[in-house]
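Each protein sequence line maps, in turn, to chains W and V.
Counting in the numbering used here, the first sequence tops out at residue 615, every number present.
Counting in the numbering used here, the second sequence tops out at residue 501, every number present.
Treat the hints as calculated values from the structure; they're not laboratory data.
Just so you know, these numbers come straight off a predicted model, no measurement behind them.
Please note that the accuracy of each hint is not assured.
Covered stretches of chain V, going by a simulated chain W footprint (3 or more residues, C-beta under 8 Å) [claimed, not checked]:
#, segment
1, 243–254
2, 280–291
3, 294–305
4, 416–426
5, 446–458
Every residue gets a Cβ at the ideal spot worked out from N, C-alpha and C, and that includes glycine.
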Amino acid sequence: MSALTATPTARATATAKPRRARFPRMVLLFLAPFFVLYGIFTILPLLYSLGLSLYSEQTTGGLGFGGTEQVFVGLDNFTQALGDSQFLTGFVNVLLYCLVYIPVMISVALVLALLLDSAAAKARPFFRLALFVPHIVPALIAAIIWLYLYTPGVSPLIEAFETAGGTWDLTSRLSALFALGNLATWLHLGYNVILFYAALQAIPGEVLEAASIDGAGPIRTAVQIKARMILGAVTVAVLFTVVGAMQLFAEPLLLASRAPAISSTWTPNMFIYQTAFVQQDMGYAAASAVLFAAVIGVLSWLVTRVGRKASS
Amino acid sequence: MTTATSVPPVPGAPAGAGPAAPPRGGSPAHRRGSARAAAGRRPAWASRIVVNLVLAGFALYTLLPLTWLVIASTKDTADLVGTHGFALADLNFVENLTRMFAEDGGIFGRWMLNTVAYAGVGAALSVLVSLLAAFAFEMYDFRGKEKAFGFVLIGVLVPAAVTTMPLYLLASSTGMVNTFWGVFLPQVASPFGVYLARIFIASYVPRELIEAARIDGAGDFRAFFSVALPVLKPAAVTLFLMAFSAIWNNFFLPLVMLTDRSLFPVALGIYTWNQQEIADPAYAPLVIVGSLLAMLPVVALFLALQRYWKAGIGAGALK
Chain W
304 MSALTATPTA RATATAKPRR ARFPRMVLLF LAPFFVLYGI FTILPLLYSL GLSLYSEQTT
364 GGLGFGGTEQ VFVGLDNFTQ ALGDSQFLTG FVNVLLYCLV YIPVMISVAL VLALLLDSAA
424 AKARPFFRLA LFVPHIVPAL IAAIIWLYLY TPGVSPLIEA FETAGGTWDL TSRLSALFAL
484 GNLATWLHLG YNVILFYAAL QAIPGEVLEA ASIDGAGPIR TAVQIKARMI LGAVTVAVLF
544 TVVGAMQLFA EPLLLASRAP AISSTWTPNM FIYQTAFVQQ DMGYAAASAV LFAAVIGVLS
604 WLVTRVGRKA SS
Chain V
183 MTTATSVPPV PGAPAGAGPA APPRGGSPAH RRGSARAAAG RRPAWASRIV VNLVLAGFAL
243 YTLLPLTWLV IASTKDTADL VGTHGFALAD LNFVENLTRM FAEDGGIFGR WMLNTVAYAG
303 VGAALSVLVS LLAAFAFEMY DFRGKEKAFG FVLIGVLVPA AVTTMPLYLL ASSTGMVNTF
363 WGVFLPQVAS PFGVYLARIF IASYVPRELI EAARIDGAGD FRAFFSVALP VLKPAAVTLF
423 LMAFSAIWNN FFLPLVMLTD RSLFPVALGI YTWNQQEIAD PAYAPLVIVG SLLAMLPVVA
483 LFLALQRYWK AGIGAGALK
């Protein structure tokens, strides 16, 4: 039985609101599948993580042969993590990575979107699709492809690079940033181009006509009017990219096996994985994960704030 | 049944919404086709050449690595190193393929099937669960509704890193670790999916439509499945593709949860081959052909359904 068939009064306007029911049984049935799964597989683990972060595992027998027991340590894990250079280096690495990668990616995407939007561009559908295709490729497969393209002897790109006089070396910190940044650019460039292009297409025609009447050439219009008018889209793209970069895991993990500069704790996510599953220190891993989540939470909140402001 | 070719720009986020996908694009009246650009001033041939050369250069950048993968998939281990990357050598594609499918008792086929189950079935179920919950949030009024919705939004902010480790611990104490369900079930409920589904329902399904169905005597489930769901088809496809891609790309959970290789999704399987390749280069052709084969269905799926998700980009909804 429906909870609403009791109010068969036809409401003509769109502002009509269904009657406020106590808690119709049907609503429970609609909500139950989600909330049961969400509770068990998201909320419960989250609470468990919070609990774990207050405990430390200590071996009872000598030399780690005995069992372990959970000892309540309060906020010790948190203070330890905040002073742990390995954990903090993960954030620094991501920050450096963002500083290298985001300006390049965003400016290239913006230029490409402006070129696509310009009257001079031919074969727009082809270029849009060609630029976008990598975004459909699963990230792990993309990482594997580029891993080969970073391998001397296998990669035709390195061959060309060395013929041109370059020296290939994937051991330095900078080249590790470059390797990851290039992978991410390849994967997401097209997405940002399409995002910006869509924003450009939404600029009212009158604005551009006015600029043209005022004597602005295509380049001036692109830089001074178009680029400014889609600043909102650009800001949103930057912030989304930062939040995505924070969560890097599979790609650096894969590259770490070949690029010595990428350590096993190179990003915060890798640190948490290493602490929990290699060092088996669940309490400490939980505390770092909670701190990490707090950073992500604040960043995501900023994204929505700035995003809303930019789009209004 | 409408054949809506595009998702309309997302209207303002629903009441009490948290992380809003920013509404993109102006009103349709102001949209300009590419025809408008072409109708303007004729650019000089020099700038036409420069513009298209730059675009072509970047198209090469995006397409060459994929071209390399296709060419490399035809080579044996020796030719991978011994011949130029973009030059064809002896065609060993079929040999590579048979070798790969024979490896480890045909485990690759198993991995592909697992992926269909985790990402395909999982995403379909996820969409249904999201739409059901979002339908309740959008079409009914009940006590504590917005509070409950806020509770859903908390989940959007929780990174997988925080839940994966405790999930492993919980799974190992309940015997779910190293089982199919241990990877499948945790990925079905998607808070972001519910959030987006609610926006889609608010913009696609007029309340009057549902009310009219009820007046005609349809029950709540009937109203959902026979009235709302058909209208929501494009939205459901968009949600499905997002969930599919999220599950396909979730590497952390199966890595932690599974040790039995026959339960691996294909991404994890190829990853382990790639790790074995460090010691034994003969794994290289398997990794390369495997990557190509794992990628093709995903690319085909997205290309076949591009009219659905493309408009979603403008709505700032995807990823």
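Evaluated hints:
1. 243–254: holds (count 9)
2. 280–291: This one is violated; 0 residues, fewer than the three required, reach chain W with a Cβ under 8 Å.
3. 294–305: Coverage by chain W is violated here, the residue count being 0 at a Cβ distance below 8 Å.
4. 416–426: violated (count 0)
5. 446–458: holds (count 5)
Hint compliance for this structure: hints 2, 3 and 4 are broken, all remaining hints hold.
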